[in-house]
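S.K.: Sequence:
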Amino acid sequence: MDRDGTLIEESGYLNELSRLIFYPFTVDAVRQLNRGGFVVIVITNQAGIARGIVPESFLETAHGHIQARMTAGGAHIDAFYHCPHHPDGIVPALRVKCDCRKPQPGLLLRAAADLDLDLTRSFMIGDRFHDLAAGRAAGTGTVLVRTGYGAGEELTEHRAPRPDAIADNLAGAAAWILRGGLVPA
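With numbering that gives the first Met the number 0 applied, the sequence shown closes on residue 184, and no number is skipped along the way.
Because the hints were derived from the structure by calculation, they are not lab data. Note that the structure is predicted; figures quoted are calculated from it, not measured. Glycine included, each C-beta is placed from N, C-alpha and C at the ideal position. Wrong hints could be hidden among the right ones.
[To be verified] Per label pair, the in silico range of CB-to-CB distance:
#1 15 <-> 161: 35 to 43 Å
#2 92 <-> 60: 16 to 24 Å
#3 10 <-> 154: 16 to 24 Å
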């Protein structure tokens with residue numbers, strides 16, 4: 000799943016913990032996916048690193064905070080993957096066009112290789128079409144959530160392949176997946 004706008008509230012370039020805000024349903028939704036036997040992975044673009052706005056060390060702190068909150072609620076994230084690159088970045092080593100920045104599927108493919116996952120039996124949940132495009136390119140099912148940028152993205156859905164499902168939030172996406180992930184009739 001995507002991080003900003005899906006797992007936690009969208010806050011622009013997240014560069015301090017005071018701006019890391021959980022949706023009230025986040026921990027419960029992840030716990031339900033855990034109990035359902037799903038490996039839960041966060042796949043996130045972090046252009047703020049390439050743009051010199053967010054130190055990469057802070058990203059580790061933020062993900063540690065997310066994991067601690069999950070653990071306190073009886074849930075867990077199995078892995079976090081991030082892309083620090085951006086073609087317009089100011090950090091020379093990160094100013095590249097890469098295969099890991101969504102909508103490219105590189106991070107999903109890496110996660111699948113690292114964790115021995117069958118992507119055809121997996122789902123990408125996100126609030127942006129580039130999240131869904133990465134999932135589609137990797138062979139996953141896709142769920143658009145209306146949180147974050149999702150409600151606006153839904154209005155312009157003609158821009159990208161239609162998601163397999165649209166849910167109000169991560170809890171709705173988790174419920175749909177746990178019901179069998181079937182496209183509603």
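S.K.: What are the numbers of the hints that this structure violates, sorted from low to high?
M.R.: none
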